[in-house]
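Participant: So the chains spell out like this:
Number of protein chains: 2
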Amino acid sequence: MNQVMENILTRRSVRGFNEKPIPREELEQILKAATYAPSGMNRQTWQFTAILNQEKITKLAGLIEKLLDRKGYNFYKPTALVLTSNLKESRWAKEDNACALENMFLAAHSFGIGSVWINQLQEICDEPEVRQFLNEVGIPTDHDVFGIAALGYAEKEPNQEVNKQGIIKIIE
Amino acid sequence: MNQVMENILTRRSVRGFNEKPIPREELEQILKAATYAPSGMNRQTWQFTAILNQEKITKLAGLIEKLLDRKGYNFYKPTALVLTSNLKESRWAKEDNACALENMFLAAHSFGIGSVWINQLQEICDEPEVRQFLNEVGIPTDHDVFGIAALGYAEKEPNQEVNKQGIIKIIE
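One line per chain: the protein sequences are A and B, in this order. The first sequence begins at 4 in my numbering and counts up by one. The second sequence begins at 4 in my numbering and counts up by one.
When chains are identical, the list treats them as one kind, so a pair holds in a single copy or across two.
Computed cross-link-like contacts, EDC-like style, restricted to lysine to aspartate or glutamate with a CA-CA straight-line distance of at most 16 Å:
#1 Lys59 - Glu139
#2 Lys23 - Glu158
#3 Lys172 - Glu28
#4 Lys167 - Glu31
#5 Lys62 - Asp72
By construction, these hints were calculated from the structure, which means they are not laboratory data.
With the rest of the complex left out, here is chain A (with noise of 0.2 Å):
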C-alpha cells in the first residue's frame, strides 16, 4: 500500500496528549498543509491561527467550560490548537475549513503527531468573551470559527479497531 493511503488508514482521533512539544517545523508543515486545501471559487478567505500558548488554551476552555457548560473542559490538553476561521458569510466556509482541517490530521499523522476535530467554538463565536479572545489572537471579527484542530503526541496510542459503516455502492 502507499504510504499516502496508509496514512489515511491509519489516522484516528486522539483524545489525550501528553507535554512533548511539537517541532516548530513539523507545524509549520501542518498549517502549509491545511492552505492548501481545495476552497471553493479558489477564495481562500480562511486564517489558520495556532495557539501554542497554554493559559491561552486554558481560558479558552474555561469560556467553552463556562458558556456551554461543560465541567472540566481541556481540549484534551493538546500542545497546540489551531482554530480555522473564515468570512461569516462564506458559502463553503464549512467545506473548505474542513478539508483543511483534515489536510492538518494528516500531515500532523504523517509526523506522528496526534490531532482532533474540536467543534465546541462554532455557536459561540459571537458570545463577548469569546469575540473578545477571538480579537487577542488576531482573528477578524467578520470570521467565525468553524472548526479546530487539536495537536500534540497521543499519551497513549488511539486503537486502530474500526467499525465502519459508511455504505458504498459502484454503478457501472
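Model the placement of chain B on the given structure of chain A, informed by the hints.
Facilitator: Then chain B, alone, in the frame of chain A:
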C-alpha cells in the same frame, strides 16, 4: 519531504479528463479512503455512490444543465463521479462529507488520478427529476448530496503554480 506532505502539496483540481478507465482496485481504495475520514460523533451516516456509467453521468449533467441553466454542462467529462450523501438533518453533514471528499482527492492523487469537487447538486436534490435519479442509483430519500468527486486521468497536467492567500498566525 515525506510522501504524505508531498501528496497534499501537489494535489490540484483537475478540470478535464481523458477516457482512460480507473483500475477497479484503485477506485475501491479511493472509496475506502472516504470511509476513513473523521465523522462528527463517529456517526458515519454518509453514503458514497460511485457512478461509472457514462449514460448516467450524462443524464445527471443534463439535469444540472436544465435546472441550473448551465449550458453544455458535463462535469468535465470524468471517468467516475462519487456522490457523497448524508442524512439531510445531520448536524455535521457538510463537514463530514468534506473530509471524506478530501480523503478521496488525496487518495486519487496518490494513484495519479485527478479529481475536482463538484457542488451543483446540493441545492437541488429535492427537485423531482433529481430525486428520481438519486433513487435510481440507490441514494436514500432522506439523504442529500453534499458534494461530488469527479475522478479521472487528467487531460493535461494541472498547473502547479499556486497563489496561496490564506493567513497563518502562530501565537506563542
